[in-house]
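Construct the entire structure; sequences and hints are all you get.
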Amino acid sequence: MVESGGDYPRSLIEPGAETALQRATKDMKRFAGWIMASPATLALVIFLILPVAATIGYTFTDPDGLIAPYIWYFESAFRRTVLWRTFEIAAITTIISLAVGVVTAYVVSKSPPWVKSILIVLAVFPLLTGVVVRSFAWMIILGRNGILNNFLQWIGITDAPIGMLYTQGAVIVAMVYLFVPLMILVLIGVLENIPDDVVQAASSLGANPTSTFMQVILPLATPGLIVGAVLVFTASFTSYATPHLLGGGQQMVMGTFLHQRAMVAFDWVGASTIAAIMVVITIATVLVMTRIARKLNPMAV
Amino acid sequence: MTTRINPALIGFTALVYVFLIGPLVIIFGAAISDTSYLTFPPQGLTLHWFENIWAISAFRRTIITSLQIAFLATTIALIIGIPAAYALNRYRVQLPGWLSTLFVLPILVPEIVMGFSLLRSVNVDSGVPIFFTLLIGHTLLVLPYVIRVISAALSSFDFSIEEAAISLGSRPAKTFFTIVLPNVRSGVIAAFILAFITSINDVSVSLFLTGPGISTLPIQILAHVEQFFDPTIASVSVLLMVLTVIVMIIVERTLGLTAVANTK
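Chains A and B, in that order, are what the protein sequence lines are.
At position 152 of the first sequence (counting the first as 1) the number is 151 in numbering that gives the first Met the number 0, and the numbers step up by one without a gap.
At position 114 of the second sequence (counting the first as 1) the number is 113 in numbering that gives the first Met the number 0, and the numbers step up by one without a gap.
Watch out, some of these pointers could steer you wrong.
Claimed, not checked - For lysine to any residue, the following SDA-like pairs were computed, each having C-alpha atoms within a straight-line distance of at most 20 Å:
1. A:K28 - B:E162
2. A:K28 - B:K173
3. A:K109 - B:A7
4. A:K109 - B:G10
None of these hints come from the bench; they were simulated from the model.
Set out below in structure tokens:
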């Protein structure tokens, strides 16, 4: 530190005066920032946080007891099955999408540039097509007079059409179809972020492509894989259109169950309880998994 | 460095792409089939099912509602989202950290719960008409995409250009519109396209926010499938895909090409 000289104005030298000036500009900036951010902030507080909080709060106002709606939910085997089925469908969809996504993204990221850009566009296009349209396509394929049944009868595997629609398998196939493009695009980004010299070092030290992939690329990609898995899991867990079209009433999941309680049975307490369970599971999954992803990142050591 | 890829992996990837594109081809085929039921490959070619869309008044109405909602929601989200994204980038140090978390909240909260909660609180309890509740729902739905895309565009923007303009006497508001906004134009275009497509395809938020005379196209498709399983649905699906592509082209032409021309 240099001793303050006599010729300079005090305000420029003394730390206290400086902070006062800084504080004034800082306050002004904070004020400007808040003014610009406030319309979006207010919209989210008024139309998202308050209504969702009201829905969750509503489940704790039952005259039969504070957690009566939750006891109601979990005492029925049918309702427990709905929750379990939703979980199972989301988990299987996530695992299959992850496996298919990793291999495809690996091949795409290793392709020559022009092939790569075509493959990326081909993965983006299904994403731009709506959920209803893409689920509907699987109704044409899996229906009783659908393409797959016609084909199976034509090659003589079966005489009568097989009931494939309205099964858990149908829901999972369509969900995998929905989320594989998303997974491919997320994982291409993840794989391209892995430094090339690390991979080169592995192969120049004698690792073959398989062991380079298993021992170098995969561990480095794990945090990204978790992010992709969380995206797919939460989206499948809360989906409505696909289980509605391909699972129907037989394969009720949380989304379709919420709609049925609210709009068919007019049971708003029940619907709010289902909504609250969905919110808690979704947010808990995101928080826990992003924390794990951060811890598993070998580059962050 | 070029890595030799195992041919088996290439074969697998080819199958994945057949799986991805096949169903979309099937919808196109089913839409032009001259049969009263859905089938593929098409038997005889007809555009009758496309005429049928316009003949069914429910489809006509919901296409218009969907376009209105998508356009309005995207515009409102841009109007409130651009300043928010600007504030998050320009005043990052001055604003609390939870603010950026707040802006991704609509992605964290299940869409179907959002729709149900808006129906309960905003429509039923507060008496806001269903059209406006639907509009609010869609605006919130697309807001995080708008903020994220514009933020990404702003993160590479050099704010010293803006400071230079202000120190040379330009008013802050004018500086924003003449200096900042033109520099993130490609981000605005991308945000518009992404938001519009998200809104027009949405099911989960709209599901609860439909009432007498007001419904969106995807919800109408769901209702139609339950009663009829005819090629009209396939042709509406094709229409929805074509609509998506047209919006992308229009936005790209009106905003995109001029942006490219200006940078040259």
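Hints and how they fare:
With a C-alpha separation of about 13 Å, the suggested pairing of K28 (chain A) with E162 (chain B) holds against the 20 Å cut-off. Annotation: proposed proximity of K28 (chain A) to K173 (chain B) holds, straight-line Cα distance about 18 Å (limit 20 Å). At most 20 Å may separate the alpha-carbon atoms for a hinted pair to count; K109 (chain A) and A7 (chain B) meet this at roughly 14 Å. At roughly 14 Å between alpha-carbon atoms, K109 (chain A) and G10 (chain B) fall within 20 Å of each other, so this suggested pair holds.
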